[in-house]
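**Student:** For the protein sequence lines, the chains are A and B, in the order given.
Sequential numbering of the first sequence, starting at 1, is according to full-length UniProt numbering.
Sequential numbering of the second sequence, starting at 1, is according to full-length UniProt numbering.
No lab work stands behind these hints: they were computed from the structure.
Pairwise CB distance ranges, derived in the manner of DEER restraints: (1) B/Asp69 x A/Trp59: 46 to 54 Å; (2) B/Ser63 x A/Pro526: 27 to 35 Å; (3) B/Lys4 x A/Gln470: 26 to 34 Å; (4) B/Ala14 x A/Pro388: 21 to 29 Å; (5) A/Asp417 x B/Ile11: 21 to 29 Å; (6) A/Gln78 x B/Glu97: 28 to 36 Å; (7) A/Ala387 x B/Gln5: 35 to 43 Å.
Sample of chain B residues with no beta-carbon within 12 Å of chain A, all distances over it, derived: (8) Glu47; (9) Ala50; (10) Glu60; (11) Thr61; (12) Gly62; (13) Ser63; (14) Glu77; (15) Arg82; (16) Asp110; (17) Leu114.
What you are looking at is a predicted structure, and each value in this text was computed from that prediction instead of being measured.
We put the CB at the ideal spot given by N, CA and C, even for glycine.
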Amino acid sequence: MIIELGHYALILALVFALAQTVIPFMGARTGDARSIAMAPNLAFAVFASIALSFTVLTWGYVVSDFSILNVFENSHSQKPLLFKITGVWGNHEGSMLLWILILSLFGALVGAFGGNLPPSLRATVISVQGTISVAFIGFILLTSNPFERLSPAPFEGQDLNPILQDVGLAIHPPLLYLGYVGFSVCFSFAIAALIEGRIDAAWARWVRPWTLAAWVFLTAGIAMGSYWAYYELGWGGWWFWDPVENASFMPWLAGTALLHSALVMEKREALKIWTILLAILTFSLSLLGTFLVRSGVLTSVHAFASDPTRGVVILGILVFFIGGALFLFALRSSTLSNGGMFHPISREGALVLNNLLLTTATATVFVGTLYPLAVEAVTGEKISVGAPYFNATFVPLMIPLILAIPFGPVLAWKRGDLAAAGQRLFVFAGAGLLAGLAVLYFASGAPVFAAIGIMIGFWLVFGAFADVWQKSGLPKAGVKTASARLRGLPRSVWGTAFAHAGVGVMTLGVVSVTAFEQEQVLRMSPGDVTDLSGYSVRFDGLTGQRGPNYVDDVATFSVTRDGAPVATIEPAKRIYTARQQPTTEAGIHTRLFSQIYIALGDRTEGTDEIVVRLWWKPMVTLIWFGAVIMILAGAFSLSDRRLRVGAPVPSRKRPKRAAAPVPAE
Amino acid sequence: MTRKQKRFTVIFGALALLGVAVALVLTALSEQVTFFRTPSELLASPEENAGRLRLGGLVETGSVTQGEDSQVEFAVEDTNERIVVRYAGILPDLFREGQGVVAEGRLQPDGTFLADTVLAKHDETYMPKEVADSLKEQGFWQGEEGTATQ
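Based on the provided sequences and hints, a complete structural model is requested.
**Tutor:** Rendered as structure tokens:
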């Protein structure tokens, strides 16, 4: 009975979502204040209904109600409670429910925090958000009902795929969805702006916090997913250019571009058309990602089991939203005048370069991800595009971007002076060069690309603070004046500096692990010792252990350096009893930023001899540490007063009756 | 700079960058794409398939042999033909005899296939899509779909 309540709540959500789409929209068009005022409440109602529905499904998982098909297929009574709960989104139906829960959450947030928006714009934004909800709630009800019943109810469930039984699943999908569903708000703002004809600096100011919030979550989701794949799969890789990884990476790249172009629009009223287009494209790429993951058109480690109907329906939704948005864009964009002009060498110019490089990079990832599909559709030939393609296209585009980042913040708006900027950055370039040379000296025989990579990494880490340094007035100003100035800096300036430095830190990690990683694969018996980058690793033996729903073969390795004990590492081969499925549990020991990573292979039958794969991964954690810096910097920037407080709309521009459409300038 | 010149600079820069990107993409696609082949296709025209390939099929039952250190050999079959694959490394968790597999590497002059990557199906109900498709084409589908629950 409770389960049916969940299903009912979902249907109710659809009804509310329809109302959320229609009523505020009509209200905004006719200027009916009551309909406009209903918008936030309808958004809250949709969110509440979906939350109820989600809670019911979660309850079904917690009590292991196997009369629900979805629970039967993805859960097991012996599973730890945490994994029972996370199992809710470890499958297609449940994760779709989480998807719309987050979608409706953002609609409700616009309702709750959109108080500073003109009421008619807010109503239109909520209405557009409503259409997306209608489409996806409908999709779930028609093709992927998570509340489908089984009769008679089976005694035991089929268990969740063991690879998903990890804390990673608790965090990765929710963060990822908060990110790429979060961009739906930017999309709704863009569509609402086109409908209302109001596209100006104030619009950019309203959109920027939403973009930044979504960007922070998406960065966290991708980084988390990367670390999860790194330790869980036992392959030792942190990014595979897997189609589904790319599906989340494309909105990230486009979203990063959007974050920067909205800045130009806010400060200088330039790049208006471009920013609107980017907002549409970013969410379109999120939708494309959803389609790629769920239609089963791609071979991927992430792919949910495929069902052609679902693919077709999502494709329909995709075409409707992207096509509709671009059509509206084409109709309206000609009415927009271009904003302020700027010299190519200026802050705006640097941000345009950022946008060009990021969108071009997005395009190369897009081509690499979809090319196999296109080739198969046209010629029937099956091909795959792997890491070498992306290294040959994406990386060359990122190098100029990293080189250019420190220039951006030190260039003046409107008209900058490259020579003066160069002068200011001179010290930082020198520091980068020195650091690179130092690495070359210590790591004799380092490949040229590594030396260059390390240099540009340090260049960015130091150069990111050039703007802050300059603003402090050091070294001319005294320490006291300088620290007072630094304290007075807006949070977003610090956010920018740290986020850019985070990219540099990540670059250092990537270059270092690519260039200096050491790997060994060998067969070891208890007592065998092997050398790994100055450490000696001894295989002590194998022991059997039992977990709640699995059995483990745990290998013990003692790591020593010059005879002194360093660590004990215990990788395992695990078999989940319900599915009889083996997994590899890597053993990892972190030394400052570097890691020793051990994965087990097959055991020679009847003996304790086992294939062992060992890696020395120098500075590998810098990759995720860099991401964490970016996330914290973004969050800090988000807490800037200037973003929280509503945009001060110039009173002379503001019409008396807010509902009246403001003509585009 | 006049307004026109400024605009020209930006547009010219954008086009130049786009040109570079297109060149990069085209070169990479012509060199870095990996074709998928079944053992029959590969043996039918070995000369055409000298480059890097993905070889897909079923792991022949009883063909897996462990060599020195982490060397391992197994045969990939598709009912008509079989090819011996040599691989140094750890086989994926889900690698099993009689099940679908994809090996990435090159065909050697001696007729064996030297793989540097081996992928097995992802979970109980999933088989590499290429393998499933090519088995279906050859009328050699094991009917796993019937038992698949998702």
